[in-house]
Amino acid sequence: MTQRSTVPDVSVIVITYDDAPRLPRAVRSVLGQTLKNLEVIVVDDCSGDDTPAVAKALAEQDGRVRYVRLPANSGGCGAPRNAGMDAARAPFLMFLDSDDELPRHACKSLLLEAERTDADFVMGAVERVDEATGAVTLWYPQLFEERRTVEGIRAEPELLFNCLATDKLYRRAFLDGIGIRFHEDIHHEDIVWSTELFCRSKLFALVPWPVYRWLLAATPATRSISSRRHELENVRQRVTAAELSDRVLADTRSLDLKQDKDYRFLSHDLRLYLGDLPMRAPRWIDEFADLVIPYVDTLEPAAIRRLSRAERVCVQLLRERRGAEAALAAVELGGGSSIPPRQVAGHGGRVFWGATPPADEQGRSELDVTELHLAEQPFAGALLRHELVDLQASRDRVDLTVRTYDPGRVLEGRTTSAWLRIGGRRKTIASIPFEPVPATTAPERPGVPDGPGALNGPVGLDGSGVPDGTDGAPRVLEGRVSISLPDLVWPDGVVRPQAVAVALHEGEHRNVRHLLASPGLSFTSVGAVGQGRLVLEASPDVPFRLTARRLGPVRARRFPKASELWRGLLADLATPRNLGRFYRFLSAVVPVNRNLVLFESAEGSDYTGNPRYIHEELGRRATELRTVWSHAGVPERFPEDVDLVRRDTFRYAWTLARAGYWVDSHNLPYCYRKRAGTRYLQTWHGQVFKKMGLEEPRHRAQPALARRYAEAVARWDVLLTPGRDFRRDFAEASGFDGELLHAGYPRNDVLVRHAEPAQRERARRVREFFEIPAGKRVVLYAPTYRDGGRFSGDSIRLDLPALAGTLPPDWVILVRAHRYDRFTVPDPLGFLVRDASAYPEVNDLMLASDVLVTDYSSIMFDYACLGRPILYYVDDHERYASAQRGVCFDLADVAPGPLLRDTGELAGALARLDEIAETYAERYARFRERWCGLDDGQAAAGVVDAFFGEALR
Numbered sequence: 001m002t003q004r005s006t007v008p009d010v011s012v013i014v015i016t017y018d019d020a021p022r023l024p025r026a027v028r029s030v031l032g033q034t035l036k037n038l039e040v041i042v043v044d045d046c047s048g049d050d051t052p053a054v055a056k057a058l059a060e061q062d063g064r065v066r067y068v069r070l071p072a073n074s075g076g077c078g079a080p081r082n083a084g085m086d087a088a089r090a091p092f093l094m095f096l097d098s099d100d101e102l103p104r105h106a107c108k109s110l111l112l113e114a115e116r117t118d119a120d121f122v123m124g125a126v127e128r129v130d131e132a133t134g135a136v137t138l139w140y141p142q143l144f145e146e147r148r149t150v151e152g153i154r155a156e157p158e159l160l161f162n163c164l165a166t167d168k169l170y171r172r173a174f175l176d177g178i179g180i181r182f183h184e185d186i187h188h189e190d191i192v193w194s195t196e197l198f199c200r201s202k203l204f205a206l207v208p209w210p211v212y213r214w215l216l217a218a219t220p221a222t223r224s225i226s227s228r229r230h231e232l233e234n235v236r237q238r239v240t241a242a243e244l245s246d247r248v249l250a251d252t253r254s255l256d257l258k259q260d261k262d263y264r265f266l267s268h269d270l271r272l273y274l275g276d277l278p279m280r281a282p283r284w285i286d287e288f289a290d291l292v293i294p295y296v297d298t299l300e301p302a303a304i305r306r307l308s309r310a311e312r313v314c315v316q317l318l319r320e321r322r323g324a325e326a327a328l329a330a331v332e333l334g335g336g337s338s339i340p341p342r343q344v345a346g347h348g349g350r351v352f353w354g355a356t357p358p359a360d361e362q363g364r365s366e367l368d369v370t371e372l373h374l375a376e377q378p379f380a381g382a383l384l385r386h387e388l389v390d391l392q393a394s395r396d397r398v399d400l401t402v403r404t405y406d407p408g409r410v411l412e413g414r415t416t417s418a419w420l421r422i423g424g425r426r427k428t429i430a431s432i433p434f435e436p437v438p439a440t441t442a443p444e445r446p447g448v449p450d451g452p453g454a455l456n457g458p459v460g461l462d463g464s465g466v467p468d469g470t471d472g473a474p475r476v477l478e479g480r481v482s483i484s485l486p487d488l489v490w491p492d493g494v495v496r497p498q499a500v501a502v503a504l505h506e507g508e509h510r511n512v513r514h515l516l517a518s519p520g521l522s523f524t525s526v527g528a529v530g531q532g533r534l535v536l537e538a539s540p541d542v543p544f545r546l547t548a549r550r551l552g553p554v555r556a557r558r559f560p561k562a563s564e565l566w567r568g569l570l571a572d573l574a575t576p577r578n579l580g581r582f583y584r585f586l587s588a589v590v591p592v593n594r595n596l597v598l599f600e601s602a603e604g605s606d607y608t609g610n611p612r613y614i615h616e617e618l619g620r621r622a623t624e625l626r627t628v629w630s631h632a633g634v635p636e637r638f639p640e641d642v643d644l645v646r647r648d649t650f651r652y653a654w655t656l657a658r659a660g661y662w663v664d665s666h667n668l669p670y671c672y673r674k675r676a677g678t679r680y681l682q683t684w685h686g687q688v689f690k691k692m693g694l695e696e697p698r699h700r701a702q703p704a705l706a707r708r709y710a711e712a713v714a715r716w717d718v719l720l721t722p723g724r725d726f727r728r729d730f731a732e733a734s735g736f737d738g739e740l741l742h743a744g745y746p747r748n749d750v751l752v753r754h755a756e757p758a759q760r761e762r763a764r765r766v767r768e769f770f771e772i773p774a775g776k777r778v779v780l781y782a783p784t785y786r787d788g789g790r791f792s793g794d795s796i797r798l799d800l801p802a803l804a805g806t807l808p809p810d811w812v813i814l815v816r817a818h819r820y821d822r823f824t825v826p827d828p829l830g831f832l833v834r835d836a837s838a839y840p841e842v843n844d845l846m847l848a849s850d851v852l853v854t855d856y857s858s859i860m861f862d863y864a865c866l867g868r869p870i871l872y873y874v875d876d877h878e879r880y881a882s883a884q885r886g887v888c889f890d891l892a893d894v895a896p897g898p899l900l901r902d903t904g905e906l907a908g909a910l911a912r913l914d915e916i917a918e919t920y921a922e923r924y925a926r927f928r929e930r931w932c933g934l935d936d937g938q939a940a941a942g943v944v945d946a947f948f949g950e951a952l953r
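When we follow this note's numbering, the leftmost residue of the sequence shown carries the number 1, and every step to the right adds one.
Don't read these hints as lab results, they were simulated from the structure.
Treat each hint with caution, since some may be false.
Taking lysine to any residue and the SDA-like style, the derived pairs with C-alpha atoms no more than 25 angstroms apart in a straight line are [to be verified]:
| # | residue 1 | residue 2 |
| --- | --- | --- |
| 1 | Lys674 | Gly580 |
| 2 | Lys776 | Ala917 |
| 3 | Lys690 | Arg819 |
| 4 | Lys561 | Leu488 |
| 5 | Lys674 | Val592 |
| 6 | Lys427 | Gly552 |
| 7 | Lys108 | Glu146 |
| 8 | Lys56 | Arg89 |
| 9 | Lys690 | Leu934 |
| 10 | Lys561 | Arg584 |
| 11 | Lys258 | Ile178 |
| 12 | Lys561 | Asp648 |
| 13 | Lys691 | Ala676 |
| 14 | Lys691 | His818 |
| 15 | Lys691 | Glu929 |
Work the whole structure out from these sequences, hints included.
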């Protein structure tokens, strides 16, 4: 038995009701805390099960446990928590529900923070653990990104979203001083408690680590009050809690926080129920609307305007008691991409959700979905709605009926092929072709058949499709997909649920969107799929997108073939150390082939850059040289007529060892030391704006890394230079003292010669590929990545949705994210924005554009060869120049275009490009002379003559 002090440091109040099996787990999570001087007060809300015996046994086992039993069940959490506060003896309090746990260091870390900051209370992050799957997520993680103290809620009103009572450690003197108590006659009492807590506190603190573990029960019978959203009484109680919170605001003279509190109710409390609407019966939805809409109509209009368009549509449809349509709209709330309506109505030049235009001004404002630009989306971004309307299964076959709604009629006049795709973005398990045809009848609500193919739960939503050809109606297609289970090869290693989507193809373009499922839709086939069974279901995380998974035993692992063993062994052995050893062995025994040239660009990622144009110039000459390109695993990005070798393989090391010439744009792997008989042309991949080479912070901070870089640079025989500053800013900064080839950049030849028919054709193909209508002007937005933020998306700093609302309709934006970053077109901005990040040749994008928007990317130097306007969107200019790796010159002193800090400034600049071109004409000319002076359109020929001269004779 643990000895306890006279006065504990912390009292943890554990409330319980009829939860005897889980109570010991909760209590032990407290007794096992690294803070030992604490007490556990188990407050039993008059349970009818074995809770008294279990609680008494826990108290007997550890003297820090005390047991309090209420004389009658209160039906909520407020009364037992108040009783626990009355019994607590410590100067600090915490609350724990008996179905949850505390992480091991929660009490000690919160107590230390409270003592350090003198805060009224300290709160921390919450882990939500799905007991069925073991998945762990954080509850509102954005609120807890950093450790800090907050001087009152007005400093950070978004913290009103943390309406939990259980993730906090409270100073008892503060609670007693304000006289706060839990309401005992309602559920969701945490909401009222937290509102008053925030309004009355002048100083509280936050920590970013988890201090509470919220366990989500696997079985419905043991779910908490907060999970019983299907009960209308639960809705009524939550509205009551919100109304009481409004009284708190008035009583504490905090009505200035009402908009923030109203927004929290709308986007959290109400949003929970909206997301479930497709699972509810029509009568339930009507009664739900009767409960919530009168309260919603009392909220601040500004709070409603802060909701997403989909949320506002749902609220308005409920307001108009259009429950079935509200359920359709609510499907969009379940995922990260927009789900368009089945049908829209036009009126007065605007487009509205639903089959009929709204009757009043409020409806016109809330149901306006003109911003979706349904009819203006390119094929790849078309907002299509795919619904599963029927499913039948037999022993070896599954038949699905898929209905596609095209409210923007984007598919009209197109010849497309359709596939049902099972699998994620990178791995496709199955693609089953089918042929959609125009639908002529409304979908019926399927029944629930008996037998092995039965559907578990409701199927489909009430609502009718509109016959094709009706004025203003969407184009509606229907197709039947048959999945032959014996033919479905499911990889043994794939165990996670796989997305089910519909993929439409038209030439090079494809449109892939999720297949929507009705809640509860599930079936288990009888036929075998890799000695298992196929299950289609709605994912718990994204409840209305269909997913597929395999159940059953994993197929016995077959013994691999000798060829497979050999390939696997080589792959395992192909480490940099082993490849370097193999290369050095070859260098000692294999002669250099003076007619072999190895080309590599962007570390093998693409056929692009200076190496590409040098290679093409060689191809135009009659030489004995044989060329090989390295690739990093995606050979499809290279022309079919070039010889390829996979990077970081033994064959790659063999090719490097034998090649008489290396031509590269970045740096070949450090493990290969160049042979005396090989010549290495380093073309690099751009002019220099930010600090490079040995002046990079990482090289200054890590001497070993700097030595490796210096050794790699020492391999270069010739360094291609595009301008006079390159010697100082890159060659000298890299420690290179070899031959400088002053020839300009071969990749810029096509930009200098942009007026030639061949380059105009390249530009035309780009516009055709991205479905840019004739007459549209093109912005190329190409920012560089941020050090420390690789693949975070941080470099895409433009507020594209805001820009979409201000640009004239004759613009299209091509976004070219750096290859060290990522970008996805915000849905539904496909009408304005195209993702050009994966397009193989950036030169073609430049040729197709009318203006460049960049920040600190070296693309600015290449683009100047076109003579077209350059705008700089640099909202983080000072921070980038000082806190990042540093720059070689002040952009403000040399930029051939304006430095813009916000979306409004950019929109204004795009509206007056002619004026900007005139204003910056002299600076543009100086910029071009300084950094593009060697680019004459013949650089590739000059480089080939200079570097390969001996081989050409």
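The hints, checked one at a time:
With a CA separation close to 11 angstroms, the supplied pair Lys674 and Gly580 stays within the 25 angstroms bound. Annotation: proposed proximity of Lys776 to Ala917 holds, straight-line Cα distance about 19 angstroms (limit 25 angstroms). In summary, the hint linking Lys690 to Arg819 is supported, as the alpha carbons are separated by about 17 angstroms, within the 25 angstroms threshold. Among the hinted pairs, Lys561 with Leu488 is consistent with the structure: their alpha-carbon atoms are about 23 angstroms apart, no more than 25 angstroms.
For the hint linking Lys674 to Val592, the alpha-carbon distance of about 11 angstroms falls within 25 angstroms, and the restraint holds. With a CA separation close to 21 angstroms, the supplied pair Lys427 and Gly552 stays within the 25 angstroms bound. With a C-alpha separation of about 19 angstroms, the suggested pair Lys108 and Glu146 falls inside the 25 angstroms cut-off, and the hint holds. With a C-alpha separation of about 19 angstroms, the suggested pair Lys56 and Arg89 falls inside the 25 angstroms cut-off, and the hint holds.
Restraint check for Lys690 and Leu934: the C-alpha separation of about 21 angstroms stays at or below 25 angstroms, so the hint holds. A threshold of 25 angstroms between alpha carbons decides the hint, and for Lys561 with Arg584 the separation of about 31 angstroms lies outside it, so the pair is violated. Simply put, Lys258 and Ile178 have alpha-carbon atoms about 21 angstroms apart, close enough for the 25 angstroms limit, and the pair holds. Under the criterion of a C-alpha separation no larger than 25 angstroms, the hint pairing Lys561 with Asp648 is consistent with the structure, at around 24 angstroms.
The straight-line distance between the Cα atoms of Lys691 and Ala676 is roughly 31 angstroms, outside the 25 angstroms bound, and the hint therefore fails. Using a Cα cut-off of 25 angstroms, the hinted pair Lys691 and His818 holds, with the two alpha carbons roughly 18 angstroms apart. The suggested pairing of Lys691 with Glu929 holds, with an alpha-carbon distance near 22 angstroms, which does not exceed 25 angstroms.
Consistency with the previously given hints fails for numbers 10, 13, ordered from lowest to highest.
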